[in-house]
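S.K.: Chain by chain, the residues run as shown.
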Amino acid sequence: MSHNIKTVARPSKSFRDKLYLPAIGDGLKVTFKHFFTNLNDSNAIDTLEYPEEEPLDITERYRGLHRLTHRADDSVACVACFMCATACPSNCIFIEATEREDGKDEKMPKSFFIDTLECVFCGYCVEACPCDAIRMDTGIFSLTGNKREDFVMSKEQLLSHKGAFGEEVSCARA
Amino acid sequence: MSTSAIVIAIISFALGALLALLTIPVLVWLERRIAGLVQDRLGPNRTNIGGFRLGGVVQSFADVVKLLLKEEYYPSHIKSGKGLFMLAPIITFAAALLAFMAIPFADTLLINGESLRIQPLPIDFGVFWYLAISAIGVLGVIFGGWLSHNKYALLGAARAGSMVISYELALGLSIVSFIVTYDTIDFNAMVHYQSQTFFGFLPAWGIVIQPLASIILIIALFAETNRNPFTVAEGESEIVAGFMTEYTAMKFAMYFMGEYVAMNTASAVIITTIFGGYQLPWVSTQILHDNFLIFSILLMIFIPIIVGVLIKWMRKNNRVRPSVSTDSGRNFETKVLTIVMIGMTLLVEAILIYLNFFNESLLADSIAITLFQIMTFVVKLMMFNIFFIIIRWTVPRFRYDQVQKIGWQYLLPLALVNIFITAIIVVGVSL
Chain W
0 MSHNIKTVAR PSKSFRDKLY LPAIGDGLKV TFKHFFTNLN DSNAIDTLEY
50 PEEEPLDITE RYRGLHRLTH RADDSVACVA CFMCATACPS NCIFIEATER
100 EDGKDEKMPK SFFIDTLECV FCGYCVEACP CDAIRMDTGI FSLTGNKRED
150 FVMSKEQLLS HKGAFGEEVS CARA
Chain H
0 MSTSAIVIAI ISFALGALLA LLTIPVLVWL ERRIAGLVQD RLGPNRTNIG
50 GFRLGGVVQS FADVVKLLLK EEYYPSHIKS GKGLFMLAPI ITFAAALLAF
100 MAIPFADTLL INGESLRIQP LPIDFGVFWY LAISAIGVLG VIFGGWLSHN
150 KYALLGAARA GSMVISYELA LGLSIVSFIV TYDTIDFNAM VHYQSQTFFG
200 FLPAWGIVIQ PLASIILIIA LFAETNRNPF TVAEGESEIV AGFMTEYTAM
250 KFAMYFMGEY VAMNTASAVI ITTIFGGYQL PWVSTQILHD NFLIFSILLM
300 IFIPIIVGVL IKWMRKNNRV RPSVSTDSGR NFETKVLTIV MIGMTLLVEA
350 ILIYLNFFNE SLLADSIAIT LFQIMTFVVK LMMFNIFFII IRWTVPRFRY
400 DQVQKIGWQY LLPLALVNIF ITAIIVVGVS L
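Heads up: the sequence lines are chains W and H, in that order. The opening position of the first sequence corresponds to residue 0 in numbering that gives the first Met the number 0, with each subsequent residue numbered one higher. The opening position of the second sequence corresponds to residue 0 in numbering that gives the first Met the number 0, with each subsequent residue numbered one higher.
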């Protein structure tokens with residue numbers, strides 16, 4: 000036997016342990032304490048009454064629903080480079096590019112769809128974007144709809160989402 | 000049989016059926032709410048009918064509707080024994096329900112010299128009835144598990160069968176020592192015995208006279224009802240849902256409800272054999288009769304206090320936090336319930352005043368005492384059900400072999416030794 004092996008003594012099995020009932024009594028003490036405390040004042044329980052109470056602890060790093068950012072002059076920041084669609088592991092970003100007429104850049108998206116039913120909210124698109132044009136800082140955690148089509152976000156919808164943490168415009172495209 | 004006998008028989012039967020069946024939704028709700036409160040959650044509290052949520056108990060009725068409306072799916076691989084497959088949950092449910100029927104809810108009522116039992120089945124061999132009928136319940140489990148043609152179900156059924164063999168013995172033997180002590184097999188006479196005093200000051204409850212047998216009885220009944228810490232017939236992590244793996248919708252609900260009726264029955268048996276049944280400690284029916292005036296005045300003092308505490312608790316807890324914008328009708332509900340509770344209290348007070356000062360008939364007094372005993376029984380029953388539920392959320396499950404070991408190596412010898420000691424003491428006292 001190697002001298003590195005340490006034999007750890009098992010916790011002793013006293014008569015009290017073997018009886019098992021005192022341990023159940025101790026457990027009951029804990030559960031009854033919780034039960035009566037909470038029964039006495041159920042509003043003090045640290046839970047959210049969800050639909051009426053919204054969570055307040057969403058941090059800046061929380062990956063919520065996507066949005067497309069604007070430039071300072073309110074035009075689209077996206078240059079339709081397809082980086083996000085390439086990085087996307089679930090292939091849920093569908094971009095169609097078109098020529099940009101206002102002289103700010105060469106390309107812009109004609110349509111930009113994100114299928115949020117396919118999306119795994121990994122945030123790779125945000126990491127890949129060279130223009131800071133796509134972000135997940137909306138703080139929106141709940142998305143509902145009546146049919147599948149409701150969950151496919153179009154360019155207009157994505158542009159209409161507001162950032163929840165102050166940074167409104169794209170930091171990369173002035 | 001006189002008219003009053005027939006009326007009392009019908010009333011007590013209806014009472015038994017109501018107590019057994021109407022407590023199912025309440026128990027399911029209690030289980031979920033208590034689980035929540037023990038784990039610092041809230042549990043179901045939203046379902047309501049017109050703003051009345053009654054703490055969320057409406058949820059259980061919504062669940063019943065859901066189960067009734069579900070597709071009655073019949074597994075196609077089951078070719079033989081379809082009839083028995085459908086019958087199995089009913090056997091379990093019926094056995095639990097019938098076993099409950101031998102419990103007395105109040106002392107025998109004397110009407111025109113006829114003594115009438117407030118017991119759904121007016122039998123004087125209740126202990127044997129309970130032992131015989133409750134043991135049938137496991138047959139439903141075994142039939143269901145075997146006929147499901149499914150490995151998990153078969154394993155669950157085998158486990159349930161072996162568990163019954165090992166715990167039925169300990170249960171029966173612990174009850175034998177109660178039979179020896181109380182010298183009766185009639186539940187009602189057992190309660191009578193327990194309304195005496197022991198050593199002059201302790202109530203002669205089974206838990207005081209026979210502590211060891213009481214503990215064995217409680218443990219064996221926990222095993223008998225298949226509840227934690229003895230859930231071996233079903234186990235998510237090992238054998239999926241055990242014997243009810245192939246059961247859906249109302250067939251499943253029958254097993255589910257049977258489990259709760261069995262729990263209710265076990266609670267009733269425990270309080271009847273060891274916690275004084277429908278009696279308050281130290282107070283027998285005779286004492287209540289002799290001191291009816293004092294008793295009713297005490298009631299008239301205590302009922303408003305209890306109702307006041309309840310109303311205060313409701314006003315404190317049936318509201319939302321200030322941060323929530325809408326209270327979804329909770330305020331209105333609190334108001335209505337307060338009015339209803341105060342009204343009922345006033346009614347009871349009026350009845351008690353009438354009984355005391357304007358009424359000479361002894362029959363009315365004894366009916367009032369019977370109602371009081373039924374109330375005591377229900378309160379005790381619910382308290383023990385809550386104990387059952389809290390145990391479930393306290394103790395982790397035993398492994399299957401540990402369950403067997405406890406049953407055969409500890410409970411059975413202890414029960415036998417206890418019978419021995421009891422018999423020696425009882426014979427010694429009577430000499």
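Hints in this document: simulated from the structure, not taken from any laboratory. Since the structure is predicted, the reported quantities are computational estimates derived from the model, not experimental observations. Incorrect hints may appear among the rest.
As the list claims (entries may be wrong) - Calculated lysine to any residue pairs in the SDA-like style (CA-CA distance at most 20 Å, straight line):
| # | chain 1 | residue 1 | chain 2 | residue 2 |
| --- | --- | --- | --- | --- |
| 1 | H | Lys315 | H | Arg329 |
| 2 | W | Lys17 | H | Arg329 |
| 3 | W | Lys28 | H | Arg391 |
| 4 | H | Lys315 | W | Lys154 |
| 5 | W | Lys28 | H | Phe383 |
| 6 | W | Lys32 | H | Arg391 |
| 7 | W | Lys103 | W | Ser141 |
| 8 | W | Lys32 | H | Phe383 |
| 9 | W | Lys17 | H | Leu411 |
| 10 | W | Lys12 | H | Arg398 |
| 11 | H | Lys404 | W | Lys103 |
| 12 | H | Lys334 | W | Asn42 |
| 13 | W | Lys17 | H | Lys404 |
| 14 | W | Lys106 | W | Phe93 |
| 15 | H | Lys404 | W | Lys28 |
| 16 | W | Lys17 | H | Gln408 |
| 17 | W | Lys17 | W | Asp40 |
| 18 | H | Lys311 | W | Asp40 |
| 19 | W | Lys12 | H | Val335 |
| 20 | H | Lys311 | H | Val335 |
| 21 | W | Lys28 | W | Arg9 |
| 22 | H | Lys315 | W | Glu48 |
| 23 | H | Lys315 | H | Val335 |
S.K.: Would you mind marking each hint as holding or not holding in the structure?
M.R.: Hints, one by one, checked against the model:
Pair hint lysine 315(H) plus arginine 329(H) holds up; C-alpha atoms about 11 Å apart against a cutoff of 20 Å. A distance of roughly 49 Å separates the Cα atoms of lysine 17(W) and arginine 329(H); the hinted pair therefore is violated under the 20 Å criterion. Pair hint lysine 28(W) plus arginine 391(H) holds up; C-alpha atoms about 14 Å apart against a cutoff of 20 Å. Using a Cα cut-off of 20 Å, the hinted pair lysine 315(H) and lysine 154(W) is violated, with the two alpha carbons roughly 49 Å apart.
Under the criterion of a C-alpha separation no larger than 20 Å, the hint pairing lysine 28(W) with phenylalanine 383(H) is consistent with the structure, at around 16 Å. For the proposed pair lysine 32(W) and arginine 391(H), the alpha carbon gap of about 15 Å is at most 20 Å, so the pair holds. Simply put, lysine 103(W) and serine 141(W) have alpha-carbon atoms about 35 Å apart, too far for the 20 Å limit, and the pair is violated. A C-alpha spacing of about 17 Å is found between lysine 32(W) and phenylalanine 383(H), which places the hinted pair at or below 20 Å, so the restraint holds.
Restraint check for lysine 17(W) and leucine 411(H): satisfied, since their Cα atoms lie roughly 16 Å apart, inside the 20 Å limit. Restraint check for lysine 12(W) and arginine 398(H): satisfied, since their Cα atoms lie roughly 18 Å apart, inside the 20 Å limit. Distance check on the hinted pair: lysine 404(H) and lysine 103(W) sit about 81 Å apart at the alpha-carbon level, beyond 20 Å; violated. A hinted pair counts as satisfied when its Cα atoms are at most 20 Å apart, and lysine 334(H) with asparagine 42(W) qualifies at roughly 19 Å.
Note on lysine 17(W) and lysine 404(H): the hinted pairing holds, with a Cα-Cα distance of about 13 Å set against a maximum of 20 Å. For the hint pairing lysine 106(W) with phenylalanine 93(W), the CA-to-CA distance comes to about 16 Å; that is within 20 Å, so the pair holds. For the hint linking lysine 404(H) to lysine 28(W), the alpha-carbon distance of about 27 Å lies beyond 20 Å, and the restraint is violated. Distance restraint check for lysine 17(W) and glutamine 408(H): the Cα-Cα separation of roughly 13 Å lies within the 20 Å cut-off, and the hinted pair is therefore satisfied.
Among the hinted pairs, lysine 17(W) with aspartate 40(W) is inconsistent with the structure: their alpha-carbon atoms are about 37 Å apart, more than 20 Å. For a cut-off of 20 Å, the pair hint linking lysine 311(H) to aspartate 40(W) stands: about 12 Å separates their Cα positions. Simply put, lysine 12(W) and valine 335(H) have alpha-carbon atoms about 57 Å apart, too far for the 20 Å limit, and the pair is violated. For the hint pairing lysine 311(H) with valine 335(H), the CA-to-CA distance comes to about 14 Å; that is within 20 Å, so the pair holds.
Of the pairs offered as hints, the one joining lysine 28(W) and arginine 9(W) is violated, with about 26 Å between alpha carbons and a cut-off of 20 Å exceeded. Pair hint lysine 315(H) plus glutamate 48(W) holds up; C-alpha atoms about 17 Å apart against a cutoff of 20 Å. A threshold of 20 Å between alpha carbons decides the hint, and for lysine 315(H) with valine 335(H) the separation of about 15 Å falls inside it, so the pair holds.
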